[in-house]
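Visitor: Numbering of the sequence shown is given in the working numbering, commencing with residue 1 and proceeding in unit increments.
Hints were generated in silico from the structure; no laboratory data involved. There's no promise every hint is true.
Listed next, the in silico SDA-like pairs over lysine to any residue satisfying Cα-Cα at most 20 Å (straight line) [unchecked claim]: (1) LYS194 / PRO134; (2) LYS194 / ALA115; (3) LYS194 / VAL157; (4) LYS194 / GLN173; (5) LYS194 / THR179; (6) LYS194 / ALA129; (7) LYS194 / ARG120; (8) LYS194 / ARG145; (9) LYS194 / SER174; (10) LYS194 / ALA204; (11) LYS194 / ASP206; (12) LYS194 / ASP127; (13) LYS194 / ALA152; (14) LYS194 / GLY171; (15) LYS194 / ALA109; (16) LYS194 / ILE205; (17) LYS194 / SER155; (18) LYS194 / ASP131; (19) LYS194 / THR176; (20) LYS194 / MET132; (21) LYS194 / ALA177; (22) LYS194 / ASP142; (23) LYS194 / PRO151; (24) LYS194 / GLY170; (25) LYS194 / ALA149; (26) LYS194 / GLN128; (27) LYS194 / VAL158.
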Amino acid sequence: MIRHLLLGRSTWDDYKILHHESWSYFARLFGATGSLFPSLRTLSRWQPTESCEDLRLLASPSLRSVTLRYVFTNMDGEGNCSLAVQYMLINTPTLTDLTLISCSGDLLADIAPEALLQLRTLSIEVDQASDMAPEEWYPSSDALRVLSALPALESLVVELGVDRYDLEFGGFQSLTALTIIDCGCGDTTWFLGKCSSPRLHTLAIDLTNLYFYLPSCAT
1 MIRHLLLGRS
11 TWDDYKILHH
21 ESWSYFARLF
31 GATGSLFPSL
41 RTLSRWQPTE
51 SCEDLRLLAS
61 PSLRSVTLRY
71 VFTNMDGEGN
81 CSLAVQYMLI
91 NTPTLTDLTL
101 ISCSGDLLAD
111 IAPEALLQLR
121 TLSIEVDQAS
131 DMAPEEWYPS
141 SDALRVLSAL
151 PALESLVVEL
161 GVDRYDLEFG
171 GFQSLTALTI
181 IDCGCGDTTW
191 FLGKCSSPRL
201 HTLAIDLTNL
211 YFYLPSCAT
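Turn these sequences into a full structure, and let the hints steer you where they fit.
Guide: Put into structure tokens, the structure is as follows:
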């Protein structure tokens with residue numbers, strides 16, 4: 001009985017536990033609605049295959065916490081990864097804790113909003129210094145707008161690329177804890193102006209990447 005699954009490798013090219021053809025075999029074996037590990041509760045540091053077919057097989061009715069890395073909306077050119085993440089969320093009503101590390105910034109905007117309603121804890125992070133990370137890894141305007149309306153979201157960690165945003169919204173009304181990873185271009189001030197939660201009691205500002213971003217902000 002497997003309850004916790006951790007992908008420990010951190011390199012781009014040598015990460016797969018199983019080849020994508022093996023996942024395709026399991027998909028045929030278990031059918032469209034079968035779960036490979038029905039007792040799975042935690043999926044940590046998981047980097048899916050190009051088709052994200054493995055995410056469908058790992059959608060367990062017991063799943064509570066998921067950390068995904070390097071999930072891109074254009075991985076296979078057909079949008080299957082967005083649909084696979086959406087499938088996982090819809091078919092795991094117990095999943096309330098989601099972490100995305102260096103994923104497409106528009107990933108959550110490509111998912112049906114109703115699939116995100118159960119989320120209570122969400123982290124959107126980038127695992128490279130801000131002067132090296134692609135802009136597309138930071139949450140897009142559309143993604144932030146979707147997140148701002150989630151009724152159950154209580155804890156949010158978000159790394160921002162604020163200079164790309166041109167939107168007006170107010171929300172995040174259920175937040176009790178907020179961590180902003182500030183790259184040094186006014187991310188914190190901008191975002192706090194959009195956060196209208198009367199329940200917010202914990203605010204953390206992470207300046208880890210400030211050193212890397214200051215030169216570009218000065219121009």
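Visitor: Does each hint fit the structure? Answer for all of them.
Guide: Okay, the hints, checked on the actual structure:
no.: 1; hint: LYS194 / PRO134; result: violated, 24 Å
no.: 2; hint: LYS194 / ALA115; result: violated, 23 Å
no.: 3; hint: LYS194 / VAL157; result: holds, 15 Å
no.: 4; hint: LYS194 / GLN173; result: holds, 10 Å
no.: 5; hint: LYS194 / THR179; result: holds, 14 Å
no.: 6; hint: LYS194 / ALA129; result: violated, 25 Å
no.: 7; hint: LYS194 / ARG120; result: holds, 19 Å
no.: 8; hint: LYS194 / ARG145; result: holds, 10 Å
no.: 9; hint: LYS194 / SER174; result: holds, 13 Å
no.: 10; hint: LYS194 / ALA204; result: holds, 16 Å
no.: 11; hint: LYS194 / ASP206; result: holds, 18 Å
no.: 12; hint: LYS194 / ASP127; result: violated, 25 Å
no.: 13; hint: LYS194 / ALA152; result: holds, 17 Å
no.: 14; hint: LYS194 / GLY171; result: holds, 6 Å
no.: 15; hint: LYS194 / ALA109; result: holds, 18 Å
no.: 16; hint: LYS194 / ILE205; result: holds, 16 Å
no.: 17; hint: LYS194 / SER155; result: holds, 15 Å
no.: 18; hint: LYS194 / ASP131; result: violated, 25 Å
no.: 19; hint: LYS194 / THR176; result: holds, 15 Å
no.: 20; hint: LYS194 / MET132; result: violated, 27 Å
no.: 21; hint: LYS194 / ALA177; result: holds, 15 Å
no.: 22; hint: LYS194 / ASP142; result: holds, 14 Å
no.: 23; hint: LYS194 / PRO151; result: holds, 16 Å
no.: 24; hint: LYS194 / GLY170; result: holds, 5 Å
no.: 25; hint: LYS194 / ALA149; result: holds, 12 Å
no.: 26; hint: LYS194 / GLN128; result: violated, 26 Å
no.: 27; hint: LYS194 / VAL158; result: holds, 13 Å
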